[in-house]
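Number of protein chains: 2
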Amino acid sequence: MKAWKVIYNDWIPEKQPTREALTTLGNGYFAARGAAEESDAGGPHYPGTYLACGYNRMTSKVSGREVENEDLVNWANWLSLKFRIEDGDWFDLEKVEIIKYRNELDLKSGILKRTVGFVDQEGRESLLISRRLVHMKFSHLAAIEWKITPQNWSGKIEVQSAIDGTVTNSGVDRYSDLRGDHLKPLFTKQVDDKCIMLVVKTKQSKIRMAQSARTTVFSDDEPISADSEITEKEGYIAQYLTFNAEQNKTVRVEKIVGLHTSRDNAISEPALEACNAVQRAGNFEDLLTSHTREWKQLWYRCDLELEEGEYTQMILRLHIFHILQTASANTIDLDVGIPARGWHGEAYRGHIFWDELFVFPFLNFQLPELARSLLMYRYRRLPEARRAARNAGFKGAMFPWQSGSNGREESQELHLNPKSGEWDRDDTYLQRHVGAAIAYNIHQYFEATRDLEFMSFYGAEMLLEIARFWSSIAEWNPDRERFEIRGVVGPDEFHTQYPDSDKPGLNNNAYTNVMAVWVLQKALNMVEQLSETRKVELFEELDIDESELERWEKITRKMYVPFIKKGIISQFERYDDLQEMDWDKYRKKYDDVQRMDRILKAEGDTPNRYKVGKQADVLMLFYLFSVEQLKEIFNRLGYEFEPSSIPENVDYYLKRSSHGSTLSRLVYSWVMSRSDRERSWKAFQKALLSDFEDVQGGTTSEGIHLGAMAGTVDIVQRCYTGLEIRDGVLWINPRLPRELQSLKMRIRYRGHWIHFLFNHKIVEVTFEAGWSPKVEIGFREKVYTFGEGDRKTFSL
Amino acid sequence: MKAWKVIYNDWIPEKQPTREALTTLGNGYFAARGAAEESDAGGPHYPGTYLACGYNRMTSKVSGREVENEDLVNWANWLSLKFRIEDGDWFDLEKVEIIKYRNELDLKSGILKRTVGFVDQEGRESLLISRRLVHMKFSHLAAIEWKITPQNWSGKIEVQSAIDGTVTNSGVDRYSDLRGDHLKPLFTKQVDDKCIMLVVKTKQSKIRMAQSARTTVFSDDEPISADSEITEKEGYIAQYLTFNAEQNKTVRVEKIVGLHTSRDNAISEPALEACNAVQRAGNFEDLLTSHTREWKQLWYRCDLELEEGEYTQMILRLHIFHILQTASANTIDLDVGIPARGWHGEAYRGHIFWDELFVFPFLNFQLPELARSLLMYRYRRLPEARRAARNAGFKGAMFPWQSGSNGREESQELHLNPKSGEWDRDDTYLQRHVGAAIAYNIHQYFEATRDLEFMSFYGAEMLLEIARFWSSIAEWNPDRERFEIRGVVGPDEFHTQYPDSDKPGLNNNAYTNVMAVWVLQKALNMVEQLSETRKVELFEELDIDESELERWEKITRKMYVPFIKKGIISQFERYDDLQEMDWDKYRKKYDDVQRMDRILKAEGDTPNRYKVGKQADVLMLFYLFSVEQLKEIFNRLGYEFEPSSIPENVDYYLKRSSHGSTLSRLVYSWVMSRSDRERSWKAFQKALLSDFEDVQGGTTSEGIHLGAMAGTVDIVQRCYTGLEIRDGVLWINPRLPRELQSLKMRIRYRGHWIHFLFNHKIVEVTFEAGWSPKVEIGFREKVYTFGEGDRKTFSL
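The listed protein sequences derive, respectively, from chains A and B.
Per our numbering, residue 250 is the first one in the first sequence, and the count goes up by one each step.
Per our numbering, residue 250 is the first one in the second sequence, and the count goes up by one each step.
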């Protein structure tokens, strides 16, 4: 059971423990809609879960310039619950003597439990056990339960149960100059003797949000009468319940909370629905039962069961847990994407980046309906991406680097460097590669599901428009007789321009150019397969003709890819002209050189001058494509590509990376998994710790790094198993690390549930009964047909 | 081309022409979100398109009782456009001499064109040609164009272009006691010198809606300068444009309108988006081009091309046109269902009934993504249906007869009888059969698409819950040794209780009982095919066990079905005890006996005493099921069923029906299509005219009868072709009416586009290229496999 729980027993008031930051609860809906901030103990600031509600026209002045920020809302303290004994001080962890402290995140059931034994200044000893959940099935509900047991006293207890709409965003220090007040209070209301309600509206996006809370006190599972009093002020309502407690007799306080917004489907009006939700909900125990059942079912689908030291298993589950808190069945019907930091903290203000690239592989195989809905999030923003392309002088669709609520580019133009206190120019918006990631996700989703209706009606249109963008940004260089893509930035954000140039952007970023080729090729393949009806529709509507396709075809043969020397791909053109970093010098000077960009800029220098990477984007190619695929792409382009050059590239770039991105180690681990298993496992272990140990020193509490979390899950699910869909066949090619004895998992593939058992000797494949057509599974050059109920064991 | 246009040249001021009522434009989005009321000419009231926004807690007093009504909104007069010459009266069709009048609904392009030649009181002759569209691709846009040509004068023209948020609901006389003011004005704004804006909120549901309008005047396609003035009052903004016009020189006024609501996806804030929409839109001609292209593509998919007199073809296209105005690609992403009267009028206040049963067959085969989204509309309301079942003492899900915005029962409890002026008690809410219709739609959608993910994750859950409801409402009668369903109402709403009873509800309505059996059988089949993973999930969650399944199985063998005599199914138990109607007596006394219920009630009598049907619900069984299927159901139940009894049943009930429902003739036409082709064709022709000729005398202007419209389309698509999916095979069994020479159509079936040509000699089947797996087509006992590009001609 240990691998199902994240436990820590240490209470360190002066420090905000990182693992606390990981224990926020959401359920997708609640996460993307509301907040989960528990202020019961005046203790550490628990990062909330957030709601992105459109960019904020109410701009803030930053360093003399106007900066817009999203209506990202850390919603009301729904778990605001306080108590005091005999009119004393309100309970505060910092003002009592802690004699016992245990915090336990139960991943299996999605419950956070805290046990605090304490003695107050009057010498009264009490035991407080709190449990809370954000309901995984009934997505509009959350609940907290307190058990208070007086150990050496009897007397009056007063509980304050509030809904607080005056919360502001203050979770990220360097955003302190941005506006943090996103809520406009509308009204508060006492619904009945148990229920209170708060209704607010977001300031810019005008989303109406209603929250209702029902608080009840129990003794021996019977409700006990308590004196009730209500306090209301603007944007805040609290209910005070006073009752008597006896020594050694546990009283239980339950607070059930309902949340609805004006963006919910199937509602009449949010306030009415929030009230209904709470009044119709059962008590804490009922909710716990249904919540636990839902988690059990989710784990049955999504768990990766390892035979290994329990530490890896536990963190892996924590990562799966956080994926499911950000996106789940509860978000399928919401128009939300995958934010880089989950809905877990304020960093990046809820914007949607390319990070979903790392989350899709998991979702495609576990919750394909969810993956579909995330692609629809992009599809809905296709018109805005088209407009962005047109405005930048291109055709097709140019998806933004940081996507705001309506799909417009929301990348900051300035970035606060905490090292120097300066606001530096930020040209990372030139990362045009995000569209390629979306195309990749569409392709992968389709391969895993064969969802023809999706592909025909939405996927194809996106794919064509993204392909067109690449075709239009690629320019023919007659001297070189190659197409080029100039003036962009790759995933490695340390490099945004040439040191000898005053214009931002780099030329021929290898990752970008190869991805562009891949997208064009996939678009061409797709056109061949598309039905005539749909093809005619799309070609008419998008004004695509055969000459356009000919150009695509030509680009897939003639795109320029820079090389440093034979086999070593150049991150971008003229990368080799940059200076080598004197790593020793900086390692001596600074404890942590992960963010070399900030260090160099603070010294008046710039990473643009050096061969130093936040992450080595060349290696992303080895992460995304198998050797077979890369060979095909490069050969078609007329470049030599030998599988043996992969480790050379890895070595070259590993030396030159500061791992300033949490994604960096992940990619290393993946690409080395077969060539250098020891180093790969080490990198994997480090990647696992990104958030768990907060390796960046403080960024975890600003929000988890969901891409990195999902990436570790993906390494186990796809890299160690060699799971790959190629030419309509699901290939397996397992190579478990020595440290991993076995791996059990289930995947959903083209309408089948397939159970896998991998160990160092065999692979066992079992198909559940079901009504899907047979599919093919490939193992060591041979292809086998599987249908319902089939089982086969392959020897390694 | 004639069959593509609905044209009428007659201007009848004192009467509201029915065909005018058919010319409202929507596009799904605009329909379900906004309104399309043109008041340019002070002429006939054009029914608008509406928005259902939750039930209205602001109840109205009706006949001493409180009645709730939906926030159904006839939204702002977005096409409010007036003009006057030289400070004269504002143009009013009733105050000028009409010398030419032509109204033309171009079905092919979705454009309404009106030509009016007139002479005003000062003898000035002018020609006014207006065209309008609600954009089928850019769903947030609509546009109107006016061409004004002075024939014998030159002078000043003043145009008033307004957005009017003060509109109220007044389209249905008998609702006049209900509140009609659903909008609360928020603000008006002049955005720039061309754009004005109105923002309102619905009163109960608090939906924020923003509308922006850009009005420009052109001469020779060049914008001309006009003096502009703005008038604002609460909920209303108008722009006055004054310019000079010359004799014989046409001036053109364009008004482009954008509409967004707070329920839209991918937005920042509705007002901002509505502004953006209008400012980014091209001019009228641009919009016309993209709008026409979209319609062309839609028709390519959806048209049924007949070789026949053009009248049938034209009305059939009008019906397809109206289906697509109510639901289209633009509604897929909205949480909206299929309202009985489209979004076309105020009747039934936007509630969702079982009528979608008649619309699904068409959508399944033409726009399966849309069909899926309509099923999701029901899925989202499953929790409310569960609650309704529990509250009524049943298990599972009991979907409401009239479904309100959040899925709660919204059936009226009183119904105004226009014959008597009395508010009669209305027990039609006891129509529990709506859940069976939903199950039927799920099944049909799945058969047409094999959408496994939908079925597994949503469809199965609904199907199980609906099955459970039937199981729990069915009671074992030990005397009869049969299960019974007591206290319900069938689709024939004339009968709601026994004349000798004071309790509403009838026992053993044959349609309901057979449907219950069918649902239980389908649910049992589905359980067998469901993957183990999903089965365990659902059984745990819904608390279903094997004993429940055994009960279902038993009901499918032991349900009671009443018979009048051998072969003649009894509409409900003891139907035969009712009195025969003296039709002659009433036909002499009343012009129109379609609504015998109102006639009898006004006479102090009740249809409950007589063998008289609004529609013969027994015949619905022959409509929904093939002979083979019915045989199986009845044999399993231990009842004899001979195909030869079908015409006998038809005869029996045809004599006893007043066709008070527009669905009635439809069903007759279908069930007689093979046994009595002449009568079937006649009934079909009558069904075609339901709205076109407003056979109910005034109900068309309260909203089209979408179920009846779709049903006529379905008769052509499925009944004349014998298209039926049975055991995974798509069977065709064509029998065109003699009057129909040939029929061409395309369907989307399991990822394929299939082109059909039917005539009296052959059937030609052509598969488009595509990437879907092969499927089977059955013809005369033989099954053929078809894959991409295959073509085959069958001789008849």
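Hints listed in this document are in silico derivations from the structure and should not be mistaken for laboratory results.
Treat the hints with caution; some may be incorrect.
Copies of one chain are not kept apart here, so a pair can be met inside one copy or by any two copies together.
What the hints assert, rightly or not - For lysine to aspartate or glutamate, the following DMTMM-like pairs were computed, each having C-alpha atoms within a straight-line distance of at most 20 Å:
#1 Lys803 <-> Asp369
#2 Lys807 <-> Asp728
#3 Lys452 <-> Glu483
#4 Lys1041 <-> Glu781
#5 Lys545 <-> Glu789
#6 Lys1023 <-> Glu696
#7 Lys931 <-> Asp900
#8 Lys834 <-> Asp854
#9 Lys1023 <-> Asp976
#10 Lys443 <-> Glu534
#11 Lys344 <-> Glu374
#12 Lys668 <-> Glu374
#13 Lys771 <-> Glu799
#14 Lys850 <-> Glu696
#15 Lys1023 <-> Glu781
#16 Lys386 <-> Glu790
#17 Lys386 <-> Glu789
#18 Lys1023 <-> Glu407
#19 Lys644 <-> Glu407
#20 Lys931 <-> Glu557
#21 Lys807 <-> Glu881
#22 Lys545 <-> Glu534
#23 Lys545 <-> Asp792
#24 Lys803 <-> Glu777
#25 Lys545 <-> Glu710
#26 Lys438 <-> Glu618
These numbers were taken from a predicted model, which means no experiment stands behind them.
Violated hints - listed by number, lowest first: Hints 1, 12, 14, 18, 19, 26 contradicted; others consistent.
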